[in-house]
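Undergrad: Listed here are the chains, written in short residue letters.
There are 4 protein chains.
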Amino acid sequence: MSETVIFGGKNLPDVYRDIESEVRRYCRAYPVEFGRAKGSYLYDRLGRPYLDFLSGCGSLNYGHNCEPIRESLMEYILSDGVAMSMDMYSVAKTGFLTALRDAILVPRQLDFHVQFTWPTGANAVEAAIKLARKFTGRANVIAFTNGFHGCSLGALGLTGNSSHRASSKPLLTQVTHLPYCDYFGPTVDTAAQIEKLLLDSSSGIDAPAAFVFETVQGEGGANVCSPIWAQRMQRLAHEIGALTIVDDIQAGCGRTGNFFSFEDLGIVPDIVIMAKSISGFGLPMSIAFIRPQYDIWNPGEHNGTFRGNNHAFITAAAALKRYWSNDRFATEVKEKAMLASGVVENIAEQYGLSAKGKGLLLGLEFSNTQDCAAVKEACFQDGLIIETSGPKDEVLKILPPLTISRSEFDDGLQIVRSALNKVHSSSRRLATVARAAT
Amino acid sequence: MSETVIFGGKNLPDVYRDIESEVRRYCRAYPVEFGRAKGSYLYDRLGRPYLDFLSGCGSLNYGHNCEPIRESLMEYILSDGVAMSMDMYSVAKTGFLTALRDAILVPRQLDFHVQFTWPTGANAVEAAIKLARKFTGRANVIAFTNGFHGCSLGALGLTGNSSHRASSKPLLTQVTHLPYCDYFGPTVDTAAQIEKLLLDSSSGIDAPAAFVFETVQGEGGANVCSPIWAQRMQRLAHEIGALTIVDDIQAGCGRTGNFFSFEDLGIVPDIVIMAKSISGFGLPMSIAFIRPQYDIWNPGEHNGTFRGNNHAFITAAAALKRYWSNDRFATEVKEKAMLASGVVENIAEQYGLSAKGKGLLLGLEFSNTQDCAAVKEACFQDGLIIETSGPKDEVLKILPPLTISRSEFDDGLQIVRSALNKVHSSSRRLATVARAAT
Amino acid sequence: MSETVIFGGKNLPDVYRDIESEVRRYCRAYPVEFGRAKGSYLYDRLGRPYLDFLSGCGSLNYGHNCEPIRESLMEYILSDGVAMSMDMYSVAKTGFLTALRDAILVPRQLDFHVQFTWPTGANAVEAAIKLARKFTGRANVIAFTNGFHGCSLGALGLTGNSSHRASSKPLLTQVTHLPYCDYFGPTVDTAAQIEKLLLDSSSGIDAPAAFVFETVQGEGGANVCSPIWAQRMQRLAHEIGALTIVDDIQAGCGRTGNFFSFEDLGIVPDIVIMAKSISGFGLPMSIAFIRPQYDIWNPGEHNGTFRGNNHAFITAAAALKRYWSNDRFATEVKEKAMLASGVVENIAEQYGLSAKGKGLLLGLEFSNTQDCAAVKEACFQDGLIIETSGPKDEVLKILPPLTISRSEFDDGLQIVRSALNKVHSSSRRLATVARAAT
Amino acid sequence: MSETVIFGGKNLPDVYRDIESEVRRYCRAYPVEFGRAKGSYLYDRLGRPYLDFLSGCGSLNYGHNCEPIRESLMEYILSDGVAMSMDMYSVAKTGFLTALRDAILVPRQLDFHVQFTWPTGANAVEAAIKLARKFTGRANVIAFTNGFHGCSLGALGLTGNSSHRASSKPLLTQVTHLPYCDYFGPTVDTAAQIEKLLLDSSSGIDAPAAFVFETVQGEGGANVCSPIWAQRMQRLAHEIGALTIVDDIQAGCGRTGNFFSFEDLGIVPDIVIMAKSISGFGLPMSIAFIRPQYDIWNPGEHNGTFRGNNHAFITAAAALKRYWSNDRFATEVKEKAMLASGVVENIAEQYGLSAKGKGLLLGLEFSNTQDCAAVKEACFQDGLIIETSGPKDEVLKILPPLTISRSEFDDGLQIVRSALNKVHSSSRRLATVARAAT
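Chains as they are written, first to last, in the numbering used here: chain A, 78 to 515; chain B, 78 to 515; chain C, 78 to 515; chain D, 78 to 515.
The set of hints was computed from the structure by calculation and includes no laboratory data. Note that the structure is predicted; figures quoted are calculated from it, not measured. Hints should not be assumed to be uniformly reliable.
Each pair may be met inside one copy or between any two copies, as identical chains are not told apart.
[Stated by the list, open to error] Restricting the straight-line Cα-Cα distance to at most 25 Å, the calculated cross-link-like pairs of lysine-lysine (DSS-like) are:
(1) Lys211 - Lys246
(2) Lys499 - Lys469
(3) Lys273 - Lys469
(4) Lys211 - Lys499
(5) Lys499 - Lys413
(6) Lys211 - Lys469
Starting from the given sequences, assemble the full structure and let the hints guide the process.
TA: Below is the structure:
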């Protein structure tokens, strides 16, 4: 990833170049300094607006500084509500748990326990596999091709991406990566292969503690698993004494049209991981939902200082009340998703790309990685923040706030089309030049 | 850890018993629901005050809802400042980095790069050892007896505590635990032993990527390393091509009287980990400080959604400006610490305990673990939140906000004395009963 | 595995029951005490002959006490030839290496180096993967479903069998087990799947140091890989910078008709492991053949006391001279194998079994594991030593000495037919009883 | 290790240079081709004798081609005794087990079970730690500084030597290396330190399955553990639920004056490993002795082709009958050892070296590694095979056959003295030159 921006002067402050670590990444793709943000828009220091089709990688499903979530937070801080109380009981936590029970768990007849891990998705993954290993007494865990679950050592073991794995490779043990749904194309039934491998006592794959998967692989390129595949994984897991863990960090919180992404798959996982948008405001928060029979933690066995982010409890409770106390929001998202997927398919057809994804986690797959990067950059020049994903960054990922308006969405896609046109004609020109040269 | 509280009714909401995971811990020791907090005090729902000698395990060095930090945050939210922007450039981040450079790095002539890891100390530890392993191409890491560095898989490998390690044991590889300073008592020079082991090519201890240690072991029981020991570890590390990583999560941010706990030890570590109090407000935030020559990350190589918590940048910048723009605060803390340590030593002498610790991270070591637990519980009954630490929870840890007033501190210690008296006389009574019975 | 034999008296000496470890296995299946052995026959203490269709699991390709191998050994011992000289140069070693070069390597234009590991196949596997890991600097190794490579920790990691893996599971790391040729049946091209997985940088399968496979999986149930599959594995390995290691412990030394089992597959592996029959006499000996560019060992880097078994050098040299100085023996074995495979297919057809295998490593696969065990036991009662293999011990393995005569082979198969008849009619009787009972 | 020998011509056959692996080691130090061997002497192809102070690293305690062991073997082969029968019952095995029971176990009131592992010491170590891990359900194993237990992956984990560990480092997990007896010198009580570390639940050292140690570290430099240290290790192991495993591969079979090296230490280990000299003839053979309560193997759980080397059973039984049916041999060895140790101490004193070791496993420690190597080479020029050991190869190891005569031993030490004189005067000359040059 190159970084051509000039620091200092009217551009970017020197301090980034001088003391921020080389590990910084998104800032290199969007080299402006953001100040304000509201709804579907970010604004740079000078007030220039950027339409957000990235949404904090799915952390801003309700948009930026969403009212009345913001108001609840303001009010809490104003009243000197406790900010930091580790995992003690607090009025803010009570409020969140009550809202979660009433708006989410009871209506869906789900009896999950709720674990507050440290406030990152990766840590909730760490907690989930630690618990599954404890419960089963087994070390191995099944993960899937192109899965992404985080970068701390335990979560990294589950993550497929080799550039993330590189420096920790010899430590990433006790995970077996198996082919995701349709990994070998639509004609190969990977579920059947996985069943054979795990029921064969001589396959060399040790009986696992858990199967960990995303129902839509966000970082993996908007790959979708079918209901039947998910069901077969769950049936197999239970047949061999393993737990199912659904990583709903990116696909959950309404992204695919339901609060939990598995609601239309016909399964109930044993553990569900949620983070990103759960706070409703982009504040660090994560949860592991655990079926009660597996909640065999000793007190404090998986601990950490920031297990209870009271500010996030306040915003999360407000979000649940605002968006999930009835079906209206879910219905809206599903309708938007249907429209959006139609438009994206049109674009795909028009430009020779493949449309992928589900809900409002959509993707356009390029055969040419360079074009994909060029489109992303051209979009940014035109005021649209959009990212790529997939093993070769070959999928342009469309991940707007769920609260985006029809016209904002159209504006965004218009920028995408325009970028595609530019890149398309530039490619054609290059091809013509190349032909002329021979 | 038992939990005798009755849920429901006028006590605690049912929702905790019904759906919060069994992993919850501190709430069992302090079974009330906290609402407001200010300065050195937490208040429960009914308004009862609790003096805080735990300070979010060191996350609230400036107390609860500290003004003017709170004001800065209010103002930011009011102006729709962006809350969530992953690791993009933002006005809030610029402000924090600038304050950090000007108030901390430049005056100390430290040339650290700053990595924003996910906002927990454990994750900063994960990042640090991953980077050290990448830089050296070595897998092994040296950690120390009674060290505590977190519960995600990589950090857990460094952590000594067996109850945390239990369910992940077979996965906790490539860490060698060696005896901390004075681990075998003051007459055994563990630095010399460590030197012999690591310079002997046949000791079986593989050349390490890094030495990771706390200068004061908070969870380990307020154990302190001497300057000479720290210097010898650093010299040895460099002699054998390893990095030094100081985990300053609990002992840093002024806790021992300087911003960095190593400032009076005569070393400059290659990487320093800071979390807990760095945000100044108890918001999730963590940092790895990295000497530039080791900052060989590829962009995004260690990533995660919540790498930039803008709310925390705002509060952290406010805290740096308020407390660290000159020497006044550090001087005050050192004076308080001197007084405090005198008082604690008095108490130790009076009650047959041992005084431990450094700065305002002090401890009273009991020979009898039950007594220690009883004192903690009696303190809570009298309105003082205080915790135990050490391998057997035999050390009562005194960890007040650094901003605590003289009279608040005295009030707290008075509660401790009173609890000691109660437990003392109860022990004596029991002993008398036991004698009478024989 | 049950053991109904009565120890003591005219049966078996008490000393086995009293002090031999519970780990003993084959003796439980063939509970007699063997004394003499010659050619294709073992004789128990009382002189009763047993035809040997097991051949020391492939260690006795030239039969028991084969002349003139035995004579060479007698002569050597008589002359006080050095028995034990670690890896020093010795007249016996010179003789073996010279015979190997002249009879095997030169005619096949193979430029292998020869490493004498400790005298077991598993240790040669340990050496091979250690060397591949050293050469590539990578930890991961690709092994295959139903592969068997030994029980020491490194070799065990490659072995598929879960009962062998059970007690070491958490330590068996850095091996990825992929589906062997035809593992999912003849219509699924596992080579194509493996290519996709290993060329996808996000599959989660780390770049391997080596691919390790058997060309015929002896313990795995006489599964055979096709030439094209072997070639694609070799091409893929080289494309991604990995070595190919063929484990020829059971399938080598003429078992499939050529000295090396890969000779008719169109590949030349980077490392070949040979053990079992290499000594020609059943004495412990093993070899790793290494292409010179990979022979980057430091002197003594993989060492061990019994790296040079001079008695085995003498017998191995005699065997090479007797059987491999021209094509005659190989031709005979191929002819025998063709006949044998025809007969075995006939039996399979007649009794509703599947014929498997290659060369004189043949198998009859039962759909019913009990029947397979019953046939094995009935054979033993009639004086035939024969074993089962496969993940469920469902394959009766036909592994006679390569030197077996036509009539001996017919005698053996006659015993198998007779056992099949007995088991068949007993099954039918049981089925009739079962039907009558309903 | 350099190799200056010229291959071909009247020197060494080309075939070694051409096709033997670079891993060969001892042959580089003793670059002649050995043919015959008898008693304490090896003879090269041309008949030149070499006195053997290495004894196959302890595999030839009864000397080369020892009568009547050789006669028993000849007779067995002549009668077509079965050579290879895996782990079936055989007349040869019966004979060995009976001799072992009668000559060794019964007189010492030891109730060990006997496991025949594959015929190498390392494999017996693999078996022992696998069994301890199975029995305890724990992964970690305690090994000691400078211990040497073999080079297969499991055994290598226990081995201290970094040059052996180098290429497998990231895979050598679940072993904690602790300081051996007197590792930090005679004033530091390492047993007390080990007790503290293992009884501290927060030391970071996981509860182990076993303690594995040598009573005299042969490869580690002839380091000796005291009876009290061994007893404290055994007591500690049992207190924390771990097994003790004594690796008696080099120190056992009479080397220290008793059959088992632990007989004068006041302990009975839970598992004892024996190899090297157990066959009495230098043939590959090894044993794990297991206290019955720990013999929880499933049949075949740790298997391998060469688990029963019948030739070795014959020679081992003959050796037990000849040397261990009464106390005479043990008494002789002890007397020899006493004399030998006196002489070696004299030499040490005379040449400024340190005398080390126990029984007939003695060592002379040099402060200057170069001198040690030079003495070894000078000895070989004068017809004495002698090796170095210790972390820097700084200890000249004196390991003659136990059957060596007084005059042979004196001859050998005379060669050592003479070599010391040469090296001494050469060092002095160099020093003089160096002084003159300044």
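Undergrad: Which numbered hints does this structure break?
TA: 4 and 5
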